[in-house]
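K.L.:
From first to last, the protein sequence lines stand for chains A and B.
Under our numbering, read the first sequence as residues 210 to 594, first letter to last.
Under our numbering, read the second sequence as residues 863 to 1200, first letter to last.
If you are wondering where the hints come from, they were derived from the structure by calculation, not from laboratory data.
Bear in mind that the values here come from a model prediction, so they are computed numbers and not experimental data.
One thing to keep in mind: the hints can contain errors.
Calculated pairs, DSS-like style, for lysine-lysine (alpha carbon to alpha carbon, straight line, at most 30 Å) [claimed, not checked]:
1. B:K1195 <-> A:K589
2. A:K517 <-> A:K448
3. A:K430 <-> A:K346
4. B:K1099 <-> A:K589
5. A:K289 <-> B:K1068
6. A:K287 <-> A:K346
7. A:K591 <-> B:K1195
8. A:K591 <-> A:K517
9. B:K1068 <-> B:K1177
10. B:K970 <-> A:K346
11. B:K1126 <-> A:K589
12. B:K1099 <-> B:K1126
13. A:K517 <-> A:K346
14. A:K287 <-> B:K1126
Chain A side only, calculated, beta carbon under 7 Å to chain B, not exhaustive [unchecked claim]:
15. S334
16. A350
17. Y360
18. V371
19. I381
20. E410
21. F573
22. P577
23. P578
24. P586
Glycine included, C-beta positions come from ideal geometry on N, C-alpha and C.
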Amino acid sequence: MKTMLAIISNALCRITGKNAVSGSIRTQRFWTEPKCDLHSLEAGPPEKAELTREQGLQYYHTMQMVRRMELKADQLYKQKIIRGFCHLYDGQEACAAGIEAAINPSDHLITAYRAHGYTYTRGVSVKEILAELTGRKGGVAKGKGGSMHMYAPHFYGGNGIVGAQVPLGAGIALACQYQGNNQICVTLYGDGAANQGQLFETFNMAALWKLPCVFICENNKYGMGTSVERASASTDYYKRGDFIPGLRVDGMDVLCVREATKFAADHCRAGKGPIIMELQTYRYHGHSMSDPGVSYRTREEIQEVRSKSDPISMLKERMLGANMASVEEFKEIDIEIRKEVEESAQFATSDPEPPLEELCNHIFSNSPPLEVRGTNPWSKLKSVS
Amino acid sequence: MATSLKCLLRSGKEAAAAPAVGDANRDLAAIQVTVRDALNQALDEELERDERVFLLGEEVAQYDGAYKMGFTGIAVGAAMAGLRPICEFMTFNFSMQAIDQVINSAAKTYYMSAGQQPVPIVFRGPNGASAGVAAQHSQCFAAWYAHCPGLKVVSPWNAEDARGLLKTAIRDDNPVVFLENELMYGVPFEMSEESLSKDFTIPIGKAKIERQGAHITLVSHSRMVGHCLDAAAVLAKEGIDCEVINLRTIRPLDVECIEGSVMKTNHLVTVEGGWPQFGVGAEICARVMEGSAFNYLDAPVTRVTGVDIPMPYAKILEDNSVPQIKDIIFSVKKTLGV
């Protein structure tokens, strides 16, 4: 009875846009979700998603942390403290947060170069991420990897070559199946990579061998500067797996992402083979820091997404609307996040660069030290595992 | 499903069983084993020894297919997640399509991750010229792969090399490119009892002096080692005593062995099947020049290589595109000034 009232109350909120009157609200909520598009699937994820207050605050925290971290990276890049490649994720936070909410830490994940968000959700601290971007020894890869090459247990980067991570992801899924550990691999790629040949090679083998691989296309509508309409003969990326079932959901809604991912993960764990998910999302920044991002799309478009579909605002408004948390609580979280990001940036700018003695290390694993030729024949450097 | 997949990947080639190496027929005398059988036997033993080792590739086990970039990437991913794949290319020419996965996903990852992510994988397959397969299927990739840090590149010649190096490669926690030679598969070699034992390994990075000599050093790898030994036999009759070094490993190169030999013989000829420019011989020349053996040279180093052209099809043309024994003999004499 109570829950029925809650559902009605929510529906009314949606229609009227007014805030709900408080009742016994700090526990669980049922939310109606928009239907998702299905390909070769009898049914999709449930239309209702449950959100507890704790979960809501956690997702908010995660997304806001990623947002602020990326904006800090933008700032540091403009100050020339970060150099080289920097592909920012702001706008797409619901994807990383939603996926992580649906899988286990023991599952595996691999993505392409827009990877800072996933590096965080997979367990690396903002401090270590920023310090890697600034190329310091405190970075997650000791300064040797940079933006596109960050790793963590069960997180395989961070991959610079477009599409190359997709066969790798299927290989990781193969290892899961081989070892019989009931784990899955989430393998991400973008709309730009979606037409790559190696993806289709991979889809074929994953389907043949029924690999427990969730292929996820983060469709942010632009592959570098090329819109999906100009790039793809078919923009239904969730259908491109042909014989692999697929689903398409709103990637700006963290609950949609979570439910879809849960559904997909269950599909794999049940031994049904791979599945493709398309997340419709958006990036506020250009492709990378060297792309202003406004030569191929309008500022109006970016602004519209920000105001109508921002993932963080959407979640916040929902929770406020249902009185699951207060404005003050969100403010507190924001302050805490800002502090952590600020401290991390401090560390990232003050930590020393890796020592030159480290230059040649980590060529081989579990091998005796070897000599490495330097820039001239008299320069004999040492490399240890 | 998992079990049947495992069987698929671990069954190996449907090759003829290796000769009765393990049973009562074998006595103290060394037995003859072809390179192919040596490889298959080593594979079987390593598959049995470690559950994580499995085979993947073109026409491997029951899997009929040729999806190069895809399966190479899958193999590398499996290696990252705790398995120990042996990724087989029908020939290394096909690896050129998948080379991004070999270099960017396998070779560089341990370094990029500052030691967090090892990639224990073996890439194997026939390399270099075969017979009548023409230009797109005859390229030697030794120099291409040996150029890259993060890879180990080995090139066995005989059955003992094949067996020992393959075992070492499989047990190595790093990406190893294992360059075989199609024309050598059917060639039998005597193998000692020791070399047939289950834990017989040959260290990567160590060359072998196949024939001791005093007048000139011949350095080679793979099939050309046999040619060098044949040339040495002919030259011996004319009083020229050749030392023949079998590199066994291209990267890391055993410069110490080469230098030691050159300091003894004062003359060096490198012999390879691949193209001359920026090749294995070129690297050996550079290394000898930079090191202590340079002052011991009585003549510049001579490189004997494949002809600098795409491989032709017609037999007479093909035969004249790779070093023949007479080319080695000629080059030795020129280097010695006789």
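K.L.:
Confirm or reject each hint.
P.N.:
Consistency of the hints with the structure:
no. : hint                : result
1   : B:K1195 <-> A:K589  : violated, 36 Å
2   : A:K517 <-> A:K448   : holds, 27 Å
3   : A:K430 <-> A:K346   : violated, 36 Å
4   : B:K1099 <-> A:K589  : violated, 43 Å
5   : A:K289 <-> B:K1068  : violated, 46 Å
6   : A:K287 <-> A:K346   : holds, 21 Å
7   : A:K591 <-> B:K1195  : violated, 40 Å
8   : A:K591 <-> A:K517   : violated, 56 Å
9   : B:K1068 <-> B:K1177 : violated, 35 Å
10  : B:K970 <-> A:K346   : holds, 19 Å
11  : B:K1126 <-> A:K589  : holds, 25 Å
12  : B:K1099 <-> B:K1126 : holds, 21 Å
13  : A:K517 <-> A:K346   : violated, 41 Å
14  : A:K287 <-> B:K1126  : violated, 61 Å
15  : S334                : violated, 15 Å
16  : A350                : holds, 5 Å
17  : Y360                : holds, 4 Å
18  : V371                : violated, 10 Å
19  : I381                : holds, 4 Å
20  : E410                : holds, 3 Å
21  : F573                : holds, 5 Å
22  : P577                : violated, 10 Å
23  : P578                : violated, 12 Å
24  : P586                : holds, 4 Å
In this structure, the hints that do not hold are numbers 1, 3, 4, 5, 7, 8, 9, 13, 14, 15, 18, 22, 23, in rising order.
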